[in-house]
Every structure is written in C-alpha cells, then in structure tokens.
Amino acid sequence: MVELERSGISGLNVINLRTHERGPYSLRIAPGECVSLRGDSGSGKSLLLRAIAGLDPHDGQILLDDMPSTQLTAPQWRKQVALLPAESQWWQDEVGAHFSTVKCPWLEPLGFRMETMHWQVSRLSSGEKQRLALARVLMNTPRVLLLDEPTASLDADNVTAVERLIEKYRCETDAAILWVSHDTQQAARIGNRHLQLTTEGIREYTA
Amino acid sequence: MITLSAVDLALAAGLVLAMAALSWRMQLGLSGQLLIAGTRTVVQLLLIGLVLKTLFANVDLLWVAGISLIMLLAAGREVMARQQRRFIGGWGFGMGTGAMFVSSFAITVLALTTMVATDPWYDPQYAIPLLGMLLGNTMSGISLALDRLTTTAWQQRAIIEQRLMLGATRLEAIAEIRREAMRSGMMPIINAMAVAGLVSLPGMMTGQILAGSPPLEAVKYQILIMFLISAGTGFGVTTALWLASKRLFDDRHRLRLDKLTGPRY
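In order, the protein sequence lines correspond to chains A and B. According to the working numbering, the stretch in the first sequence is residues 1 to 207, in order. According to the working numbering, the stretch in the second sequence is residues 1 to 265, in order.
Looking at chain A on its own, in the form it has when it is part of the complex (with noise of 0.2 Å):
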C-alpha cells in the first residue's frame, strides 16, 4: 500500500490527474467556492468532469475533504462528487419514477409544480429536461457539483432561475462547484475564480 499524503485541505483536490492520454491536470476547488471552466470544443472539458465523477478510466488522485475517492465506493462517491452532463438521461415514463421521493424541495424554485413528477417524459422539451435534471441531482446533496454547461438550452429567464438556485444551493450546503460555461458573462457572474483548460494543463485566469 502506497501511504496517502495527508494534506488537511478540505473541499475537491484533483492531483495529477490523467485520462483519455490528457493531463495531467489538477485543481482545488474549496468548500463553497464556485470556479469557472472554460476551453475550446474538443479540449476535453466533459472527459475531465467524467474522469473526476468516476466514469471513466484515469491516473492520478482525487480527494474530497483530504479523502482519496478509491477509499469510497465508486456510487457513494459520485453521489457526493455528482455529475450533471450536458444531456440528461431518461429512463422511465414519468419524471417522478426518476426521484427518490416526490417530495423535491428543487422543483418550485426552477419554475415546476408538483403535478411535474407526473409528467411524461417523452412530452418534456430539451429546457425542462436541464432544469429537472438539475433538480434530480441536487435530490442526492452532493458535496461537489460538477456542472457541463448546464443553461445551454434555457431562455434568459430559466438562466436567472438556475444560477440562482446553484447559488442557493452552494450557500446552505457549502458545496463545492465546477462549472463549465461559454458565456465570459455568466462566468463572470456565477465564477469565484476562473480556469482554461489548455492541452497543456489547466491555468487560472481573471475575468
């Protein structure tokens, strides 16, 4: 057994980490702290949230509160360090057969009612998908959000909703947040801190 480095720093700490022959990339992001991530298409954004979740294969180490994800169970760890894709997934016919309970305190905030979980899912348009996904997510109360662009498809009024909510969220929660967005404005807005990711590695930057 490799003896971990214990470093005491608290929220996500991604060291060194590899994957898809990309990297190696690190990055902390605090308890509470929300960052910004932006890159060109194709400079492996989605494969860095993938790779950080647990869904794909990588080197290096990533730890939550100084704890090293290999130490959890992979689904104890992604319900804490959640991933929220820039396409939700359905599986069942009703939205509510997807939430643990009917009883989701995410829905009014983001604009749905409780009649919602008996929605069809086939009938929902791609904008009410993101913001129910978003709801589903929260459902688990993850520790870290790691978020792929997650108002691509909402009109303004939804965007303002949403960023509102992730803000709320963060504050009652103290959740850490990754968030990819395009938008230099919403970056700005919703970021503490802002990084680019190169080929190279990650940089920060100042909007």
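Note that these hints are calculated values from the structure, not bench results. Since the model is a prediction, treat every value here as computed from it, not as a measurement. Do not rely on the hints blindly, as some may be mistaken.
Have a look at the derived ranges for each label pair, beta carbon to beta carbon [as the list claims (entries may be wrong)]: (1) B:Pro263 to A:Leu72: 31 to 41 Å; (2) B:Ala196 to A:Glu94: 20 to 30 Å; (3) A:Arg18 to B:Ala175: 26 to 36 Å.
Residues of chain A clear of chain B, computed beta-carbon distances all greater than 10 Å [said to hold, decoys possible]: (4) Gly42; (5) Arg78; (6) Ser126; (7) Asn158; (8) Glu163; (9) Asp183; (10) Ile202.
Footprint (simulated), chain A over chain B, 3 or more residues, beta carbon under 8 Å [claimed, not checked]: (11) 66-79; (12) 185-195.
Glycine is no exception: its CB is placed at the ideal position from the N, C-alpha and C atoms.
We have chain A; now place chain B onto it with these hints.
Chain B alone, transformed into the frame defined by chain A:
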C-alpha cells in the same frame, strides 16, 4: 419402421435447393447461408451417426466424456459466433461455454442418475442425445440473452452512465436490461412448452413415434426433456448474464464497452 433411402433424402434436399434458387432470384442474400447450413447438416449428422454407432458398440466413460467435450466446445463457438458484439479475449468464448457447462452437464448427469436411471449412468444411448438436446437449447437461450444484453447496453450506454452518475451500482444500472435479456433467452422454451402438443408436436416425440414407440411413452419422455431444457436454459442464461453484466463494468462501477468488439452482421 420404414427406412429412408438416399432418393427420399435427395427429394427433400431438392426442396432446399429450390428455396435457395428462389432466394437468389429475390436477392435475399440467404442462398449461400442456406446451402452451407444444409451441407453442414448432412455432413455433421452423418458423422455423429457413425460416431454414435461406434459409441453404442463400446460403452466407455472416457469416450462419452470426449464426445461431450467436443459438443460443448462446438456449442460455445456457436454462441460466440452469434454475438453481434462479443467480449474481447477468452471471455467471448469462455462466458457462454462456462455457463453451458455448468447448466447442461449438471442437469444431464442429474437426469441420468436419478430420473432415467440408466446402467451405467453414462450409457451413451441416453447420455449423448440428452446432453445434445440440453446443449442445443441452452445454446440458443444463452446466445439470444447475451446478444440482447450487449447490444442493448451499447445502445443505452448514455442511460446506464446517467444512472451511474446518480449513484446507482453497476447491478442497479443494468437491472432492466438484464431482465429483458433474461426474458428473450427464456421466451423460446416457455413458448415451446405453452404450445407443445397443441400447435406443434415436439421433434423428439415425433421421432420416437415415427420409430414405433407407444405415444404415451414418447409423451413422458418429451415432458421430461422439456422440463430439463427449461431448467437448463434458465440456469445457463442466469449464469451467462451474471458473468456478462459483471464483465461490462469494472470494479469501480464504470461501464466498459471497450471490453466488447465492434459490430458484426
């Protein structure tokens, strides 16, 4: 019993040839496969006929075991060949073969020692046909089920991964697909049992009746065979799907479709 002459078989072969010609005219692309399969039937059955003739004359456990092994390997190869996307490496062959070995051999030995109670228990006149029926049917069930599992997992990889992202275990993430695969593997034998005697007279029973057995004796054997087949297929499919659904993921509950080969049609 009325014996068949070469002319009788040639007449039947003429029907297959006619069908192949029709398929060629209609450009169905089936004539080649049909002719090759037809030729294989003739050669393989003649060979096994000769083998059984020798085997019945010399009852020996080693010989029976040898023939059984060849049958098992052939069935395993067939399961592999029927997969659109199969597992890379030894797993592609080993998974189906292992599952068939566990289910078919165990059930055949059980039937021979308890229900049929032949003396010796490996009497080839009973052992080889019984094992053949079991292997043939578990082979169909397992190849259908495995093919369904892997192709559906491939098509629905986004859904499987979405469930993993939300914290599902690998077994939870593939549970529905596995259930569907189980159904498609078991449907042929369930359907066959449901219509047996009503729509179709099962092949084995027909054979016994043609050979002059009293119908009720033939029926009893057919019932036994059908029960053995449904149990054998059930256990075989369950084992194969268990192995395959574990193999589709790694120990960190990641969907690993890179363990499958590309599509073949």
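Supplied distance hint 26 to 36 Å, evaluated on CB atoms of A:Arg18 and B:Ala175: holds (32 Å)
Whether A:Asn158 stays farther than 10 Å from all C-beta atoms of chain B, as the label says: holds (21 Å)
Consistency of beta-carbon spacing, A:Glu94 to B:Ala196, with hint 20 to 30 Å: violated (40 Å)
Beyond 10 Å from each Cβ of chain B, as asserted for A:Ser126: holds (14 Å)
Exclusion check [A:Gly42 not at the chain B interface, CB over 10 Å]: Non-interface label stands for A:Gly42: nearest chain B Cβ at 19 Å, farther than 10 Å.
Minimum Cβ distance from A:Glu163 to chain B greater than 10 Å, as the annotation requires: Holds: least Cβ distance 22 Å, greater than 10 Å.
Verdict for B:Pro263, A:Leu72 (Cβ pair) under range 31 to 41 Å: holds (36 Å)
Verdict on chain A covering the stretch 66-79 of chain B, where coverage means 3 or more residues with a C-beta closer than 8 Å: With 0 residues closer than 8 Å to chain A, the stretch 66-79 of chain B misses the three-residue bar; violated.
Beyond 10 Å from each Cβ of chain B, as asserted for A:Arg78: violated (5 Å)
Whether chain A covers the stretch 185-195 of chain B (at least 3 residues having a Cβ closer than 8 Å to its Cβ atoms): violated (count 0)
A:Ile202 remote from chain B - nearest C-beta pair above 10 Å: The claim stands: A:Ile202 keeps its Cβ more than 10 Å from every Cβ of chain B (closest is about 22 Å).
10 Å cut-off, C-beta based - A:Asp183 kept clear of every residue in chain B: holds (24 Å)
In summary, the structure is inconsistent with hints 2, 5, 11 and 12 from the numbered list given earlier, while agreeing with the others.
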